[in-house]
Amino acid sequence: MVEMDKLEPVRAFIVENFLFGRSGELSDGQSFLESGIIDSTGILELVTFLEKTYSIQVGEEELIPENLDSISNISRYLRSKTSSTSGV
Amino acid sequence: MTSGAEVLRIDPAAETDRIVASIRHLVFNDLRRRGAVIGVSGGIDSSVVAFLCARALGNDRIQILFTPEAESSPDSLRLGRMVADSLAARWAVEDISQILAGARCYERRDAAIRLVVPEYGKGYKSKIVLPGVQDPSRYSIFSVVVQSPDGQSKKVRLSPEAYLGIVAATNFKQRARKMIEYHHADLLQYAVAGTPNRLEYELGFFVKNGDGAADFKPIAHLYKSQVFQLAAYLGVPQEIQERRPTTDTYTLEQSQEEFYFKVPLEQMDLCLFGKNNGMSAVELAGVANMKVEQVEQTFKMIDSHRKVAHYLLASPKMVE
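Residue numbers (the numbering used here), protein chains in the order written: chain A, 1 to 88; chain B, 89 to 408.
Keep in mind that the hints were calculated from the coordinates and are not lab data. For clarity, every value in this text was computed on a predicted model and none was experimentally measured.
Below, simulated DSBU-like cross-link-like pairs (lysine-lysine); rule was C-alpha separation at most 30 Å, straight line:
| id | chain 1 | residue 1 | chain 2 | residue 2 |
| --- | --- | --- | --- | --- |
| 1 | B | Lys388 | B | Lys296 |
| 2 | B | Lys405 | B | Lys395 |
| 3 | A | Lys6 | A | Lys52 |
| 4 | B | Lys405 | B | Lys305 |
| 5 | B | Lys395 | B | Lys296 |
| 6 | A | Lys81 | B | Lys388 |
| 7 | B | Lys210 | B | Lys243 |
| 8 | B | Lys242 | A | Lys52 |
| 9 | A | Lys6 | A | Lys81 |
| 10 | B | Lys363 | B | Lys305 |
| 11 | B | Lys388 | A | Lys52 |
| 12 | B | Lys395 | B | Lys379 |
| 13 | A | Lys52 | B | Lys243 |
| 14 | A | Lys81 | B | Lys243 |
| 15 | B | Lys395 | A | Lys52 |
| 16 | B | Lys213 | B | Lys242 |
| 17 | B | Lys242 | A | Lys81 |
| 18 | B | Lys363 | B | Lys405 |
| 19 | B | Lys305 | B | Lys388 |
| 20 | B | Lys379 | B | Lys363 |
| 21 | B | Lys395 | B | Lys363 |
Just chain A, same shape as in the assembly (with noise of 0.2 Å):
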């Protein structure tokens, strides 16, 4: 797993984006489909964001919960995507 403090980004945007300020609603391992926190067109923003963020190409065939949904999940496919030497 991704440190969670180098997920302070992700868990940021998705505060700022869609709870609309409200940080207590997140948990890491929390459901973004199950709770109804991001939408299709909300998950398109979160992996541009993750995508300039972490300078990584998020393919088509990744497109799917086990990856994007939640910050657990993120953290996870993450570090697949990156390399150790990157410190993510």
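We have chain A already, so just place chain B on it with the hints.
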């Protein structure tokens, strides 16, 4: 085992009588209007609504409108005319191209596409599509398919700005149509009929204050396959009954599955029916001839679409 066709089967004669009585009451008694305006697209839903309104109110108390624009399929007008001629009803053509050009609909849409396809321009055609049609487990992230004037096609994933820009621009089309329908409704003191079916209404497959706006919606309670059953009973022209639903919104032909539903409409119908009637995924998989996992994913997709529909269906909120 019960088949999909059996679970959605209705008695078309009885259902027609019920809807017709309801239309008469809604239009004459409740809304106190003298007839109905129906925007007919040449598709099955608006055709069925036109037939139902003619039966309920009389063919002299309906006004059929065709609202083509520069990018409409010519089939839409041709098929719509078949409906009007079948019903011997009044019809009018109101081309909305100039309204759309004035609102810079086409210009805004093309500028949005150029955010991801810089060469997009004159002579190009396009549509937006979801990945993994028939794969509801994948996120619904849109790409644009563009076709150059020499016939070359490519698919590019949309950025959020591009996606929102394209949708916001193309939504002008449905809103302009509704503006014209209400103009005629004002002239004639008629009510405007909405034409969404249950899939579209419940899952938010409409434009807010565009095709989502109406004074009454006579088939919003019917699953798509039930609309087809009524069409056959009412005598809607055969070619319309057999036509595959399209959106007729983009310059490349786009199916409703590509744009919104992701699984074939027949299966989407059954999954929505199953969810609304408390069927388990295992039960429904047998009926719909789908894998259990596919049904489960489609159930999740329905939940997701319903969340979108919440905003689209919401009435104006008042400060108490």
